[in-house]
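Engineer: Keeping their order, the protein sequence lines are chains E and H. Letter by letter, the first sequence follows residues 1 to 280 in our numbering. Letter by letter, the second sequence follows residues 1001 to 1335 in our numbering.
The hints are simulated quantities; they were obtained by calculation from the structure and are not laboratory data. All of these numbers come straight from a predicted model, not from anything done at the bench. Each residue gets a CB set at the ideal place from its N, CA and C atoms; glycine is no exception. You may find that some hints are simply not true.
[Claimed, not checked] Okay, the calculated beta carbon distance ranges per label pair:
#1 Arg277(E) to Ala1322(H): 47 to 55 Å
#2 Ile142(E) to Lys1232(H): 48 to 56 Å
#3 Gly1209(H) to Ala117(E): 15 to 23 Å
#4 Ser1100(H) to Gly22(E): 38 to 46 Å
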Amino acid sequence: MKTATGTPRPRALKRGSLPGFGLSLGITVASLSLLVLIPLAGLVFKSATLSGSEFMKAVLSPRALAAYRLSFGAAAISGVVNVVFGVIIAWVLARYRFPGRQIVDAMVDLPFALPTAVAGIALTTLYAENGWLGRFLEPHGIKVAFAVPGVVVAMIFVGLPFVIRTVQPVLLDLDVHMEEAAATLGASRLTTLRTVILPAIVPAASTGFALAFARAVGEYGSIVFISGNMPMKTEIVPLLIVTKLEQFDYAGATAIALVMLLASFALLFVINALQGRIKR
Amino acid sequence: MRFVKLTSFLVGALALTALGGTAHAQLKLLNVSYDPTRELYVDVNKAFAQQWQQKTGQNVTINQSHGGSGKQARSVIDGLEADVVTLGLAYDIDAIAEKSGRVAKDWQKRLPDNSTPYTSTIVFVVRKGNPKGIKDWDDLVKPGVNVVVPNPKTSGGARWAYLAAWGYALQKNGGDQAKAKEYVTKLYKNVPVLDSGARGSTTTFAQRGVGHVLVSWENEAYLLVNELGKDKFEIVNPSVSILAEPPVAVVDRNVDKHGTRAAAEAYLKFLYTPEGQAIAAKNHYRPRNTSVPGGQAFPKIKLFTIDQVFGGWAKAQSTHFADGGIFDQIYAPGT
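Using the sequences plus the hints, can you model the full thing?
Structural biologist: Quick look at the structure:
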């Protein structure tokens, strides 16, 4: 057994240069418990009132399966769309100076601030068969409002700022000299883009994708207005949960919520792991 | 010893504040209601407050809360401090009685007419000129007709609409349940949007231009036509429909806690007085007492009740709207 003689006490070793580690960790744990862990534990307890077979019946009913497919599928599509356009918008905002740039920059955050119900009603008005855009799309057989594309459109709207706001700072930090160096070494513009710029922004873009995806999966307010809410077709998981609650089926609702929670957590975990690998 | 002193001091202080509180508190009632009754209860509250003031000298303020009937019931179960509930269907008040015990189980026997002071029914609204020639229930299942109706899982009005359609098909086919199911399945195949509440469907039909016919509460149909223009919409009365009974009840546990029972009971009884009945008629609800002004203004539609055709709400709910019930079967893959 080692004695304390000569070696500094471990406590002193751990001590950082800033005070307050104990206090701030305490606040972190307490607030996370109050705000996140206790509500989630409640979810698990409530769904535990179902027997195993009831639980499986609730979470694996054809209607629930159709809703998972729609929610996760549409969220994935909207995430990909948001990455493509989000990176382009972030690039434009970071690299070019043009009149009105600051206004565009401020507009990016609007989906954060706007109540989602307002967004849903606005999008529905726009894309309904008598709406400004809908009236040109319907004759060509393109149905957006009250169909699956409407769900994707609403998800794109609420998720867009996440990609822009994660990629933009990385682009701003990127040293232009690196690109110039690549050019002087004879790299073509495409090669520079591929080998210098893309590797730098991929981690941020994938974080943006994960955030936009998670936001889209959980979105309720705007989608219920535009989706048409048809069971098996355009019913998202959060709506199914609300529907079950309104039928006083609390346990069934929490069972589906639990599945959604676990699926989202697993997906985000995988994305984070991938990101870690890319960074290395 | 010191502990006892301290507690008695605290109890005393609490009692004093409580007394002071009630002495100064103004009498307040919360009426938790369903979606389309906003306009009705604004009128009722004004008239009742005036009458209560004359009778007792007390000022009473009545707050209103509106939303889908099922959602409102859930809020009361979860602890919303409603003094009275005025919901879209008896099943939702039954749910409050059963799940929370806040309303006595025999609530529906405490007031006349199944505790339903006014009734309504289900009618159709079509666009001006009735381009699809909608006259009766059979026209709703024709190919190419788009029908807008809310989701019976979440909307009380939608449940009445569904049951009205089922009852019509039963009568037409001599009570054949299979034929009724076939008819209702065909009907919902013609529905492009299922909003979660009655107001949502009205908006989808009127503002978004979706569908050829809206299946709606009669009072909501009148409101739509009067508000948004007789030049744009017209009401079509089907040959048969359901007698929709939106009931009312005092929330026992909450009024006893608030000390508002007398006022809450008087409030609901007011709905049955000639004055209350006239206000209901003015807002396009069918009054029980048809001799009040406006009581004769409603078209004669043959109406059946849920007890006659479905044997009450509990049975209708479990057969048609519960998970795996007939409504779910309509949307099951492969039908």
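Engineer: A separate judgement is required for each hint: does it hold in the structure or not?
Structural biologist: Structure-based check of all given hints:
For the pair Arg277(E) and Ala1322(H), the beta carbons lie near 48 Å from each other, so the given range of 47 to 55 Å is met. For the pair Ile142(E) and Lys1232(H), the supplied restraint of 48 to 56 Å is violated, since their beta-carbon distance comes to about 27 Å. One distance hint, 15 to 23 Å for the beta-carbon pair Gly1209(H) and Ala117(E), holds here, with the actual separation near 20 Å. Look at Ser1100(H) against Gly22(E): about 44 Å separates their beta carbons, and that is inside 38 to 46 Å.
Checked against the numbered hints listed earlier, the structure breaks hint 2 alone; every other hint is satisfied.
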